[in-house]
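> Sequence:
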Amino acid sequence: MKLHNWKGMRREKFTPAQLKEQDARVQKELLEMSLREVREFAGMTQTQLAERMGISQGQLSQTEARDDHRLSTLRRAVEAMGGEIEVSAVFGDKRIILKGV
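According to numbering that gives the first Met the number 0, the stretch in the sequence shown is residues 0 to 100, in order.
There may be inaccurate statements among the hints.
[Unchecked claim] Restraint-style ranges between C-beta atoms, simulated for each label pair:
#1 Gly91 <-> Met32: 38 to 48 Å
#2 Val86 <-> Lys12: 32 to 42 Å
#3 Arg74 <-> Ile95: 15 to 25 Å
#4 Glu83 <-> Gln47: 37 to 47 Å
#5 Gly91 <-> Gln47: 18 to 28 Å
#6 Pro15 <-> Arg69: 34 to 44 Å
Derived by calculation from the structure, the hints in this document are not laboratory data.
Where a beta carbon is used, it is the ideal one built from N, C-alpha and C, also for glycine.
Based on the provided sequences and hints, a complete structural model is requested.
So, in structure tokens, the structure goes:
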């Protein structure tokens, strides 16, 4: 059985323009995940995440329902899921990661 490298296959099957478009679409989809979707992606229930954050399940439910989140709340939730927050500023095609935020 012959094994294939995914990156190599992508380069063979798609043009550079198609690859760029696909990568942009993936990044957009990732950026548009809600806190609830990130929690589900991490395979956690509200009860599990709330326990790790030191809050009630009801409080987490209210937090997930909000449209406007404090950065400190997002950081606490993401870190409780085992991730980390990265804040960036985008200027056209340039992305700058902000340190110390």
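> Which of the numbered hints are not met once you compare them with the structure shown?
1, 4, 5
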